[in-house]
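Go by the hints and put chain B onto chain A.
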Amino acid sequence: MAKTKTVYKKSPGLSDFPLSYCPGCTHGIIHKLVAECLTELDVLERSVGIGSVGCSALNYDFFSFDMFQAAHGRAPAVATGLKRVRPDTMVFTYQGDGDLASIGIAEAIHAAHRGENITIVFVNNAIYGMTGGQMAPTTLVGQKTTTSPDGRDPKHSGFPLRIAEMMATIPGATYVERVSVHNPKHVNKAKKALKKAFEIQKNNQGFSLIEFISTCPVNWGMTPKDAVDWAVDNMIPYYPLGVYKDRTKEDNA
Amino acid sequence: MAKVLMKGNEAMALAAIKGGCDAFYGYPITPQNELPEYLSKHMKENGRVFVQSESEVAAINMVYGAAGGGARVLTSSSSPGIALKQEGISYLTGAELPAVIINVMRGGPGLGGIQPSQADYKQITRGGGNGDYYLYSLAPESLQEAVNLIKESFDIADYFRNPVMIAVDGLIGQMMEPVDFDQEIPKWDLKEKTWAADGMRGKRDKNVINSLYLDPQDLEDHNYKLLDKYNEMKANHQRYELINMENAEIAIVAFGSTARIARSAIEMLEDEGINCGIIRPITIYPFPSKAFDEIPASVQDLLVVEMSTGQMIDDVKIVNEGRYPIHFYGRVGGIVPEAEEIVNKVKEIVGEK
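If you're matching them up, the sequences are chains A and B in order.
Residues in the first sequence are numbered consecutively from 237, following the working numbering.
Residues in the second sequence are numbered consecutively from 742, following the working numbering.
None of these hints come from the bench; they were simulated from the model.
From a predicted model like this one, the values you see are computed outputs, not experimental measurements.
One thing to keep in mind: the hints can contain errors.
Said to hold, decoys possible - Only pairs whose alpha carbons sit at most 30 Å apart, straight line, appear in this in silico DSS-like list of lysine-lysine: (1) B:K782 with A:K245; (2) A:K438 with B:K934; (3) A:K438 with B:K947; (4) B:K782 with A:K380; (5) B:K947 with A:K427; (6) B:K947 with A:K428; (7) B:K944 with A:K427; (8) B:K748 with B:K928; (9) B:K944 with A:K268; (10) A:K431 with B:K748; (11) B:K782 with B:K928; (12) A:K268 with B:K947; (13) B:K947 with A:K245; (14) B:K944 with A:K246; (15) B:K947 with A:K432; (16) A:K438 with B:K748; (17) B:K944 with A:K432; (18) A:K438 with A:K428; (19) B:K928 with A:K438; (20) B:K928 with A:K431; (21) B:K947 with A:K246.
One chain only, chain A, in its complex shape:
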């Protein structure tokens, strides 16, 4: 019998609960990265995730460690409340763009503003997914949704909000990066960014936010392959990838 070698296995940070995401949605990849980073940093046993309202609302079932389910937009406040009384926990929020960029923008800004030692995992797919594809603050100009049937008109609904750029302007934020998970190379880059964000928290260096460019094949009305191509061709040009803030370098300088 040939010798076998394990080259890949599911992270212990993930439970056996079946994921509820649509085919082609990148939430699954982002969950995997969160679980792998916390495992590799050896902090699973003291991690607490704060879920939000949206497609990832059930993620408390998908991770294998302590979780909260928070009200729409309020995850950074919940994370603040928890982290302040239990500073030795690793606390992250997992929020979509409807949750963070719209109803919860104040909580996100002020958690950064206070320099809370937490990490925000921000998933931007330019649309409200769970409620059926309505316009989000991040919906691109001209993008058709159920509440922008003729395409987003900036004269009517404003321009899409660039969260990473905005959060980077906040003095209290330590680390802000935008990444994408549209191919293996970028998945690896995204993992490095997320791991750095968690390390910053582990080292008590303050607030970090990683914005993930994500897909929504069902509400975009595309196949998974076309959705990935659309994200690369349309989202990344408006939401450029890269590090927007890194105060750890300033601190070391």
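Then chain B, alone, in the frame of chain A:
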């Protein structure tokens, strides 16, 4: 410890520290500002957490986070701020998290005013946020009683795994009175918080703090579990005081500051030969229905007195079940009724007979 003279809001803040409060999250609003101001200094001194949040909405969700992590946590506000906190209060009850919420009430609706009021009675006792839930709600009439109840409220919240509301008005928040912080308070039989989500640490399986039940049967079961808790509050944890009821012809029903003013009124009435008593709800949820079963045969009328247009009168009618004629006297707008006004109302009722 000897009595100390303190301002109401500050005394309530110190009571929270003495009650074992680990963390305070709040947002400024008049007339309760001295409470967070006091805590901003003294929580830190005691190695505890104080955060001034960006809004009432954030504050109550910080409470949710800390409570879910197993801490004893407090927020305070005044009427319009409590309105903003209702969403989070609903989530706290849904996730069965303990917390103490002090509401130093002012007049409304809307921005209203900054003077004392009791017009949040329905906001407090009817849930206020979405869904089927209630708060164990205590309405002290003096600073000493407020201090004692706040100290005890952290135990009560932990016991029920439910938020406790301390309902006072701006009068109690702003007055100064001598207070003894070392009076004995009841101790509750508390279990370890094995449900808290603050990291597994190799000791247990994962915990989830959640109020989401997508399966209707699961949610119905959860609602009935909560109902059992509220029924236990009603059956075993009503609190009230009966004052001068032995030969009373008229019973005034009043809570908080208004009950205290009614105490002066019944003394003045006694001088005029009118025997008047007071039924004082201390819990406004559960409403003390048992007090009404103890009304002596001498009583002919009930007079509800409130600093509102009559929000508690519905509960009095429900528990009274038509046994007595019910009269009402109230002042609103932040105007505190004077004892003479209550005296006049009682005399009017007696005169009509």
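Now the hints, each set against the structure:
no., hint, in the structure
1, B:K782 with A:K245, "violated, 51 Å"
2, A:K438 with B:K934, "holds, 26 Å"
3, A:K438 with B:K947, "holds, 20 Å"
4, B:K782 with A:K380, "violated, 53 Å"
5, B:K947 with A:K427, "holds, 24 Å"
6, B:K947 with A:K428, "holds, 26 Å"
7, B:K944 with A:K427, "holds, 29 Å"
8, B:K748 with B:K928, "holds, 26 Å"
9, B:K944 with A:K268, "holds, 24 Å"
10, A:K431 with B:K748, "violated, 50 Å"
11, B:K782 with B:K928, "holds, 28 Å"
12, A:K268 with B:K947, "holds, 18 Å"
13, B:K947 with A:K245, "holds, 21 Å"
14, B:K944 with A:K246, "holds, 23 Å"
15, B:K947 with A:K432, "holds, 25 Å"
16, A:K438 with B:K748, "violated, 42 Å"
17, B:K944 with A:K432, "holds, 28 Å"
18, A:K438 with A:K428, "holds, 15 Å"
19, B:K928 with A:K438, "violated, 39 Å"
20, B:K928 with A:K431, "violated, 46 Å"
21, B:K947 with A:K246, "holds, 18 Å"
In terms of the numbered hints stated before, the structure departs from hints 1, 4, 10, 16, 19, 20, listed from lowest to highest.
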